[in-house]
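Number of protein chains: 2
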Amino acid sequence: MILKIDHLGIAVKDMMEARRAYEALGFRIEAEHDVPTEKVKAAFITVGESHLELLEPTDPTSAIAKFLEKRSGLHHICVLVDDIEKSMAEMKAAGAHLLDETPRIGAGGCRVAFIHPKSAAGVLLELKQA
Amino acid sequence: MILKIDHLGIAVKDMMEARRAYEALGFRIEAEHDVPTEKVKAAFITVGESHLELLEPTDPTSAIAKFLEKRSGLHHICVLVDDIEKSMAEMKAAGAHLLDETPRIGAGGCRVAFIHPKSAAGVLLELKQA
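Protein sequences appear in the order of chains P and G. First residue of the first sequence? That's 1 in the numbering used here, and the numbers climb one at a time after it. First residue of the second sequence? That's 131 in the numbering used here, and the numbers climb one at a time after it.
Source of the hints: derived by calculation from the structure; they are not laboratory data. One should not assume that every hint holds.
Stated by the list, open to error - Below, a list of computed lysine-lysine pairs in the DSSO-like style, where the Cα atoms sit at most 30 Å apart:
| hint | chain 1 | residue 1 | chain 2 | residue 2 |
| --- | --- | --- | --- | --- |
| 1 | G | K171 | P | K13 |
| 2 | P | K118 | G | K216 |
| 3 | P | K70 | G | K216 |
| 4 | G | K258 | P | K128 |
| 5 | G | K216 | P | K4 |
| 6 | G | K196 | P | K13 |
| 7 | P | K4 | G | K258 |
| 8 | G | K143 | P | K118 |
| 9 | P | K13 | G | K143 |
| 10 | P | K41 | G | K143 |
| 11 | G | K216 | G | K143 |
| 12 | G | K169 | P | K70 |
| 13 | P | K66 | G | K143 |
| 14 | G | K258 | G | K196 |
Unchecked claim - Derived coverage of chain G by chain P (criterion: at least 3 residues anywhere in the stretch with Cβ under 8 Å from a Cβ of chain P; other residues may be distant):
| hint | region |
| --- | --- |
| 15 | 136-147 |
| 16 | 218-227 |
Unchecked claim - A short list of chain G residues far from chain P (calculated; beta carbon distances all over 12 Å):
| hint | residue |
| --- | --- |
| 17 | V165 |
| 18 | P166 |
| 19 | E186 |
| 20 | T188 |
| 21 | P190 |
| 22 | A195 |
| 23 | K196 |
| 24 | E231 |
| 25 | R234 |
| 26 | I235 |
| 27 | C240 |
The structure presented is a predicted model; accordingly, all values stated were derived computationally and were not measured. Cβ atoms here follow ideal geometry from the backbone N, Cα and C, with glycine treated the same way.
Taking the hints into account, I'd like the entire structure generated from these sequences.
The structure is reproduced here in structure tokens:
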């Protein structure tokens, strides 16, 4: 079951500049930390029950660095689910193309999995179990 | 004050195909209606306190049609604010570039205003007052 939007991933070239922009808009940056598995640093902004996640690559081989070669801005939607294996099995059975066969470990040690944009009208969709 | 993410606008070329994709992923499409002011039809999906809004252009001159010439998928983030004039004035005073000088009427008769992506790290940001 899909519970809520956990976060929106926003790819940024320059974290300091992005932080200043979001602070000028009245958002409050709450924490910044490295996510070595994704080769990014991430800054979190709470908005209601969800977060905006500013993502700056720390390595040219990260998926965010490759995205930034084309454009900056909205990169993915992450939804919180109660049972990631069950959601993945149901989506797969319904014909969706999953980028992960089994959950992998994402930021904060949570289990996550990605759905291919072609199965979500061009949106890169992440599932996360808390 | 920014209260929550109201919705995420997702530009789609083919509403029926997008609906089928999101239904296969376990999302439930709740309502579809025309938004003549934006020249789109919109289908809403509730996710927690927010919505996904699938947007298909009904006219080649709509902003969504122009976006779809480049790509499909995530188009904008809309945040709910308690006082749109106050938010706009504060953002402008902090140096943000607003696309609207005064609020305009959006879907459902709400007052909305857009922030230029250059002021939000590449994200088209919409403010909405309920």
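Hint check:
For the hint linking K171 of chain G to K13 of chain P, the alpha-carbon distance of about 33 Å lies beyond 30 Å, and the restraint is violated. Proximity of K118 of chain P to K216 of chain G is assessed by CA-CA distance (about 40 Å); at most 30 Å being required, the pair is judged violated. Distance restraint check for K70 of chain P and K216 of chain G: the Cα-Cα separation of roughly 35 Å exceeds the 30 Å cut-off, and the hinted pair is therefore not satisfied. Taken as a hint, the K258 of chain G and K128 of chain P pair is honoured in the structure, with Cα atoms around 28 Å apart against an allowance of 30 Å.
The suggested pairing of K216 of chain G with K4 of chain P holds, with an alpha-carbon distance near 28 Å, which does not exceed 30 Å. As the CA atoms of K196 of chain G and K13 of chain P are separated by approximately 25 Å, the hinted pair is consistent with the 30 Å bound. Our distance criterion of 30 Å between C-alpha atoms is met by K4 of chain P and K258 of chain G, whose separation comes to about 20 Å. Our distance criterion of 30 Å between C-alpha atoms is met by K143 of chain G and K118 of chain P, whose separation comes to about 12 Å.
As the CA atoms of K13 of chain P and K143 of chain G are separated by approximately 29 Å, the hinted pair is consistent with the 30 Å bound. Taking the CA atoms of K41 of chain P and K143 of chain G, the gap is about 33 Å. The hint is violated against a cut of 30 Å. Note on K216 of chain G and K143 of chain G: the hinted pairing is violated, with a Cα-Cα distance of about 36 Å set against a maximum of 30 Å. Straight-line distance between C-alpha atoms of K169 of chain G and K70 of chain P comes to about 28 Å, which keeps the hinted pair within the 30 Å bound.
For the hint linking K66 of chain P to K143 of chain G, the alpha-carbon distance of about 25 Å falls within 30 Å, and the restraint holds. For the given pair, K258 of chain G sits about 23 Å from K196 of chain G by alpha-carbon distance, which is consistent with the 30 Å threshold. For the region 136-147 of chain G, the stated coverage by chain P is satisfied: 5 residues place a CB nearer than 8 Å to a CB of that chain, which reaches the threshold of 3. A stretch counts as covered by a chain when three or more of its residues have a beta carbon under 8 Å from one of that chain; for the region 218-227 of chain G and chain P the count is 5, and the coverage holds.
Annotated as non-interface, V165 of chain G keeps its C-beta farther than 12 Å from every C-beta of chain P; the closest such distance is 18 Å. Every C-beta of chain P lies more than 12 Å from that of P166 of chain G, the closest at about 22 Å, which supports listing it as non-interface. E186 of chain G, annotated as away from the interface, has a beta carbon of chain P within 12 Å; the closest lies near 10 Å. The non-interface label for T188 of chain G is consistent with chain P: the shortest C-beta to C-beta separation is roughly 17 Å, beyond 12 Å.
With a minimum CB-CB distance of about 19 Å to chain P, P190 of chain G clears the 12 Å threshold, and the non-interface call stands. No beta-carbon of chain P is positioned within 12 Å of the beta-carbon of A195 of chain G; the least distance is around 15 Å. Remark: the non-interface label on K196 of chain G is consistent with the geometry, its nearest Cβ contact in chain P lying 15 Å away (cut-off 12 Å). For E231 of chain G, the shortest C-beta to C-beta distance to chain P comes to about 17 Å, beyond the 12 Å cut-off, and the non-interface label holds.
For R234 of chain G, the shortest C-beta to C-beta distance to chain P comes to about 19 Å, beyond the 12 Å cut-off, and the non-interface label holds. Non-interface call for I235 of chain G relative to chain P: holds, since the shortest CB-CB distance, roughly 22 Å, exceeds 12 Å. For C240 of chain G, the non-interface assignment is confirmed: its Cβ lies about 17 Å from the closest Cβ of chain P, beyond the 12 Å cut-off.
Against the hints set out earlier in the document, violations occur for numbers 1, 2, 3, 10, 11 and 19.
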